[in-house]
Amino acid sequence: AMSLHTKMARLGDSTFSTMEKVNSELLAMTYGALVTTLIKDFQDVKVVNTELEKMGYNIGVRLIDEFLAKTGVTQCRNLKETAHSIAKIGFKMFLGINAEVTWGADARQFSIEFKGNPLIEFVELPEKFKNLDYSNLLCGVIRGALHMVQMVVTTELRKSELKGDPVSEIYVTLKQHLAEKFKGEDD
Amino acid sequence: MHTLFCTKYVFNSLSEAGYGVGLRAIELLSFREKGCRKERSIIQMLNFVRTTVWKSLFGRPADDLQISNAKKNEYYIYDNDPVTCKYISNSNAARCAAYTAGIINGILDAAEFTCTVSSILNNNRMVFVIAFTSKVIARDSS
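First to last, the sequence lines map onto chains F and G. Counted the way the numbering used here counts, the first sequence spans residues 1 to 187. Counted the way the numbering used here counts, the second sequence spans residues 1001 to 1142.
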């Protein structure tokens, strides 16, 4: 298991180096503008959190294709490998940061912990937005991407550097595996 | 509560979002790139946008800068491959470029070159149409 994780970290690094890059400050400011617009449109922090997650979901269902194409990763044999793929390869190639996996209460739950989220650069959460899950988009991305590989999960932004925590943490719970459906298969 | 996503609403929303980014971008870039020097003429300011701003935000200078033949207050900045339109079909591209138009607008307004900026797709190139107010034009010719 140890060498598999090292291989994944290396794959994450090498894929990151081949990815087309965008100015990280432009990304941070664009994401900030997005969140600000959502707040203006919906006013309610809970609704904004949900909308960010939905947007993330729509990104995730597309992003998985790029992940699979660019990394050549085929199938993860178990949830542990899936979790490490997201943390070591996914987070590295798309956000340029290193993330760690910690295992949850049971075999179906895990956390992805990370620091230096590029989306939160320049951001401070004012008191009246203390319940805003600013990076909730990332939770949706994970949920959408995993849904496309037949895993139904729930995700939750448990910790956030914006809220004073030392790291950010996304908690993932596997709800069920979906059977792959092929067209023309008899029901 | 969902509003109609007509062209004008989307354009204005994106443009507004970009405007705030432009205000912050000019602050950052003035400090980092120019040592807080202030540009005096329209052409100098637009060259700053075309080169320094574009290179910082998008990794390369804009493709062209032109002045209108017909309208004395209109200038055009061209971008052949705007990053905001990367996965967008041509029919929606000008709308998505409204975000960048807003950034340019914020930058120019903050530098006291008040204007309106819009984005148009022309021959597969994105054109940012910058129309300065008469006050700015008068100041520039003196």
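Worth flagging that the hints you see were computed from the coordinates, not collected in a lab. A hint or two may mislead.
[To be verified] Output of the computed footprint for chain F on chain G, the stretches with three or more beta carbons under 8 Å from beta carbons of chain F:
no.: 1; region: 1052-1063
no.: 2; region: 1106-1117
no.: 3; region: 1123-1129
[Claimed, not checked] Computed cross-link-like contacts, EDC-like style, restricted to lysine to aspartate or glutamate with a CA-CA straight-line distance of at most 16 Å:
no.: 4; chain 1: F; residue 1: K40; chain 2: G; residue 2: E1016
no.: 5; chain 1: G; residue 1: K1055; chain 2: F; residue 2: E66
no.: 6; chain 1: G; residue 1: K1038; chain 2: F; residue 2: E81
no.: 7; chain 1: G; residue 1: K1086; chain 2: F; residue 2: E81
no.: 8; chain 1: F; residue 1: K7; chain 2: F; residue 2: D106
no.: 9; chain 1: F; residue 1: K21; chain 2: G; residue 2: E1112
Since the structure is predicted, the reported quantities are computational estimates derived from the model, not experimental observations. Heads up, the beta-carbon is just placed ideally off N, CA and C, and yes, glycines get one too.
Exercise for the section: Tell me if chain F covers the region 1052-1063 of chain G under the three-residue, 8 Å CB rule, please? Expected result: holds (count 4)
Exercise for the section: Starting from G/K1038, check that the Cα of F/E81 is at most 16 Å away, please. Expected result: violated (54 Å)
Problem - Agreement of G/K1086 and F/E81 with the hint, judged by alpha carbon distance not exceeding 16 Å - result: violated (32 Å)
Practice task
Sort out whether G/E1016 lies within 16 Å of F/K40, counting only the CA atoms.
Solution key: Holds. F/K40 to G/E1016 sits at ~12 Å (cutoff 16 Å).
Problem - Verdict on chain F covering the region 1123-1129 of chain G, criterion of 3 CB contacts below 8 Å - result: Answer violated; 0 residues pass the 8 Å Cβ test.
Exercise for the section: Report holds or violated for chain F covering the region 1106-1117 of chain G, Cβ cut-off 8 Å, minimum 3 residues. Expected result: violated (count 0)
Problem - Restraint check for F/K21 with G/E1112, where alpha carbons must lie at most 16 Å apart - result: Cα-Cα ~32 Å, so violated.
Exercise for the section: Mind checking the alpha carbons of G/K1055 and F/E66 for me, to see if they're no more than 16 Å apart? Expected result: Since the Cα atoms of G/K1055 and F/E66 sit roughly 26 Å apart, the hinted pair is violated (cutoff 16 Å).
Handout entry: 16 Å limit on alpha-carbon distance, applied to hinted pair F/K7 and F/D106
Key = violated (26 Å)
In this structure, the earlier hints numbered 2, 3, 5, 6, 7, 8 and 9 are contradicted, and the remaining ones agree with it.
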